[in-house]
Structure formats: C-alpha cells, structure tokens
Amino acid sequence: MSRLPCILLALALLAAFALSLALPWPPIAALLEQDRPLALALLWELRLPRALLALAYGAMLGASGAAIQGLFANPLASPDLTGTTSGAALGAVITAYIFGFSAPLALALGAVAGALGALLLLLALAGPRAETATLLLAGLAISALAGALTTLALALAPSPFAFYDAYEWLMGSLVDRSLEQTAFAAAPALAAILLLLRLGRALDSLTLGEEVAQSFGHDVRRLRFEIVCLTAFGVGACVAICGAIGFVGLVAPIFARRLTGGHPGRAIAPAALIGGLLLLAADLVVRSAPLGRTLPIGVVTALLGAPFFLWLVAHMRWRLAR
Amino acid sequence: MTLLLLAEKVGLAGRLEPCDFAMETPALICLIGPNGSGKTSLLHALARIGGASGDVRIDGRRPEDLVPAERRRLLSYLPASRDIAWPLAARDLVRLGSDEDEADEAMAALELTRWAGRRVDRLSTGERSRVLIARALAPKPRLLLFDEPVANLDPLWQLRLMERLGEAVRNGQGAIVAMHDLDLAARFADRLVLMDQGAIVADGEPRTILASARLEAVFGIRKVSGEWRALSSPSSDGEGDYPKGGGGVAGSD
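First to last, the sequence lines map onto chains S and Y.
To convert, count from 1 in the first sequence and add 40; that's this note's numbering.
To convert, count from 1 in the second sequence and add 55; that's this note's numbering.
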C-alpha cells in the first residue's frame, strides 16, 4: 500500500475523531466559560465514549469484513450480510430479556455466542468458498431466522416494555454509553483486529486457491476457524453494547482493497481505518441532522450503504455479463 | 547420499492408495493416466495438501517442519485450476510466492513483462496460465509439482514450457508434471509414471511405458502408424475393432 493514501486516511480519521468530540461546539464553548469541570465531564463521559465506540466498532466491522471477504473469496461477504450481527443481536436479546442478565459481560458473551452460531451455520450451509448467490441466500436465511427469533424472544420476554426498550439498541446506537461499556466493546474489538492482522499473509496466499495456500504451509482450516472466532468475538462484543450496525463491514474492505492493489489480506489494516472513519462520519451525520431527535446510527449506515450494495450487485452482474 | 525426493507410503484417503515414490537426482517426471486416475492426488500428497498421509522428504527435509518462507524454496505446486479469487495485477500475483527480483525474472522468462501491470482477470486464459506458471517457477524451489501446466497454452508455449522445465532440471531442480499429451510427455520426460484408479501401475523410460500393453489397457488407446487410436475395449487385440464413428475411449478396467 502506498504511503500517501495511508497518511491521508490516518489524518481523516484523526479529524473525524476530533470533530466527533467537538461537535456540536456551542454547548461546549458556553460550558467551558461557565463551568469548566462540567464541560470536561461532558467531554469525558458523553462524547469520548461515543467517539471511541464509533472508532472501535467501525474498525472492527472493517477488519472483520476484509477478513471474511478474503476467506470466502467474495466481495459481498460481510458481518451483516452473513447474519453475524443478527446472530449477535439474538444472543444478546436472549441473554438480557429471557435469562435476565444485563451486565455488559453477560451481554457480550451472549452476543459472541450468537455471532459464532450464525457464522458456523453459514459455513455449514454455504460452504467455505461459496458462490455469491449461495452466500447471500444463506446469509439472508440466517439473518431472517435470527431476526424472527429476536422478535419472538422480545415477545416472550417477561418485561412488557421489552420491545420499546430494545428498539433503539437493535437499530444500532452509540449514544449514552458509559466508559465501562465502551471498554467492553472496544477492548475485544482491538484485540480481535490485532489478531486478524496476523492472518493477512495467509489470506493473501488464498488468492491462489486453497490448495496453493496449503502447499505454502498455511493451515486453511485453522485460518477459517480463527477468522470465524475472531469476528464473532469482536463483532459480538460491539453488538452487545451498540446493537447491529450494517454495511460498514461491506463497504470498508471494498475501498481498502483499492489501496492494496486487490490484496485481500493486506486490506485488513486499511479496512479497519476506513471502517472507523465511516462510522465516525455516520455519527457526525446523526448529530448534525436537523431533526430535533437522535436517529439510530444503524439507520444512517443502512441508508447510505444499501444503495452502494445495490450498485455493487449491479456492477458484478454487468461484469459477469460482459 | 540425500535423495532429491523420497516419499514413503504417501496417500490420500479414498483417492490415492499409499505408495512410495522417489527422485534421486534432478529429473523431469511426467505423470500420465486417464481422468480420475490419481495424478492430482499424488501431486497433492507430495505437496502435503488436503490431509495427505505418509512421509515426504525433499533434500532430506520434511515440508511440514518448515515455515511458509522456507517451504516455498523447497516445493512449488501449480494447480490445474486457473481461477484467481481476487483480480490482482499479474506482477502482484507472481510476487505472492517470491521476492520482487525473482518475480520479475520469472515474468521476463515467460515474456509476461508487458502484462505485468494488468489485472489477471483481464488476461486471456492462456496468458493467465503463464502468469500462474511464472508464480510457481519464481522462487526456484527444489521440486516443482505442476498439474496440467500445458493446458490452455498454445503450441509454441507448450513447447517453450517443456523446454523451460528441462532447463530447470539442468539447473538442479526436480519437476513432477501431470499431463494428458502423451507425445509431449514422452518427448521431454526423463521418466513416465502411469497411474490408474488411484495407484501407480507403471514407472520407467518414456519409450518403454508408451509401448507397453499396460498403457493400452489403462487408456484404451494404441499408437498405430504414428497416430493414437481408440480401442473398442481395453483388452481386445487387432486393428479391426476400433469403434465406428470415432467413438469415445472405453472405460478402463
């Protein structure tokens, strides 16, 4: 990857992070004059967790999207389209509303288990190097099943407010999370990203096919297992805290591979940066939308991401038809 | 003396019966046999792909004991498939298994330099084959394991590739190549290995193997006045019973 795009990407990420802390500026500016400790508390306890969550969750979606796309040899594989985020949401809902555990650790464990279940089901249904149609259909089926089971779990929940309670979280939200909650999402995400980066070389050699990667000495089954577990671990923890956020994991790796000359493994690092940048940007859109209320960030990523996904499908079809 | 290749009881469950295989000094060995006879499986077993059993030593070293960077100096495997998962530039693809200088040298040897920056999905199948062959040749490993390398190549490049493999052998590399063109195999190979139903059934001098009754039995073809002709049944004799209308080769026994 050449140096200039890398520097520009890092600068853009820093700028988005700083904006995310600073915007909207007038309340902070006013508070800084009147009550400095309160202004700092607002920054530290409200805005910093939100910015950190956007960065960590976005980076996790980008990195795991790049790894999953490399693994399935398919640019349409991503944590949301494979049903991973829906599985994680189901796991967290069952943990919270059926078993009644609402501590961040319990939610994270439930979500990781749900994400792992969804990914293993996908591997079983679609196979390790699935055709696009099979992969999307299997992912769609798993998402639909997980979505239906999530609704069922909420309907059967002892609390009559379960639906109302879970709605904002299910749509994806970074608002009003504590630093402790942030740590429960960001620490697993960071660990998972660092461990995924180790697998880049093996993923690159997978470009030549599984057999050649094996002849190089890469254990492809172990690689698959590691990517599935790390994705479930990192994405699951983020979903437990922030709900399901779509399309970042699809879009970020596609841009990242443009920077790495198409190498799927080398794209993991830039995909993490781009993912973080995209989610920070989406959150800035949420804050600056003149609606008088907070939109769920998952709605914004879906509104921006879905047209991109449609374009991608049309583009692939056009390329195949040529 | 350390053999270039010593394989003991190598096999692949359900596809290749455990067999021994050796190459004492650098040589070009061609694997021949009908579809499904076990050529690819033997290459896989030697390259340690897909849960192969048995023990393989190349220059006395077990591939399993080596990290990828060392292993690619020991063996290189070229699959029969020309599919590439991601549309990398030709140069980047060749560099996946070697350093930059080696990759450039291998591309120059296969006259690919002018395609170096082009995405592999925008090359013809034959050009892509040459890129993949360059990838496999670039790290100059001790043992080349090539599955149908001449498929998709035009006649000139088929010859050039076989000459290039001969040159590799003269430079001290060993090559084991699965192929279907019996004449090309016989012309360039130092040794022919005939396979059938997941087992090695004959192994020796090309001329001897090509003229053997075993080859006729396995393939159901025979050379008559310089031309390969299908026998109506693998066990039948005589020139009168070729299938009418140029029918297909009868199944092996």
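Hints may be right or wrong, so weigh each one.
Said to hold, decoys possible - In silico negatives: residues of chain S with every beta carbon more than 12 Å from chain Y:
hint : residue
1    : A50
2    : L82
3    : S142
4    : L160
5    : G187
6    : M211
7    : L237
8    : A253
9    : G257
10   : R297
Stated by the list, open to error - Stretch-level coverage of chain Y by chain S, calculated; a stretch enters the list once three of its residues show a Cβ under 8 Å from a Cβ in chain S:
hint : region
11   : 115-127
12   : 137-145
Unchecked claim - Distance ranges between label pairs, derived from CB positions:
hint : chain 1 : residue 1 : chain 2 : residue 2 : range
13   : S       : E171      : Y       : L211      : 29 to 37 Å
14   : Y       : R128      : S       : A231      : 44 to 52 Å
15   : Y       : D154      : S       : S218      : 48 to 56 Å
16   : Y       : R262      : S       : T174      : 48 to 56 Å
17   : Y       : R128      : S       : T334      : 52 to 60 Å
18   : S       : R261      : Y       : S136      : 13 to 21 Å
19   : Y       : D156      : S       : P66       : 56 to 64 Å
These aren't lab readings, by the way, just hints derived from the structure by calculation.
Since this is a predicted model, take the numbers as computed values, not measurements.
By construction, the Cβ of each residue, glycine as well, lies at the ideal position given by its N, Cα and C atoms.
A quick look at each hint next to the structure:
no., hint, result
1, A50, "holds, 24 Å"
2, L82, "holds, 46 Å"
3, S142, "holds, 43 Å"
4, L160, "holds, 21 Å"
5, G187, "holds, 30 Å"
6, M211, "holds, 34 Å"
7, L237, "holds, 17 Å"
8, A253, "violated, 9 Å"
9, G257, "violated, 4 Å"
10, R297, "violated, 7 Å"
11, 115-127, "holds (count 7)"
12, 137-145, "holds (count 7)"
13, S:E171 <-> Y:L211: 29 to 37 Å, "holds, 36 Å"
14, Y:R128 <-> S:A231: 44 to 52 Å, "violated, 34 Å"
15, Y:D154 <-> S:S218: 48 to 56 Å, "holds, 50 Å"
16, Y:R262 <-> S:T174: 48 to 56 Å, "holds, 49 Å"
17, Y:R128 <-> S:T334: 52 to 60 Å, "holds, 58 Å"
18, S:R261 <-> Y:S136: 13 to 21 Å, "holds, 19 Å"
19, Y:D156 <-> S:P66: 56 to 64 Å, "holds, 60 Å"
Hints 8, 9, 10, 14 from the list above are not met by this structure, while the remaining hints are.
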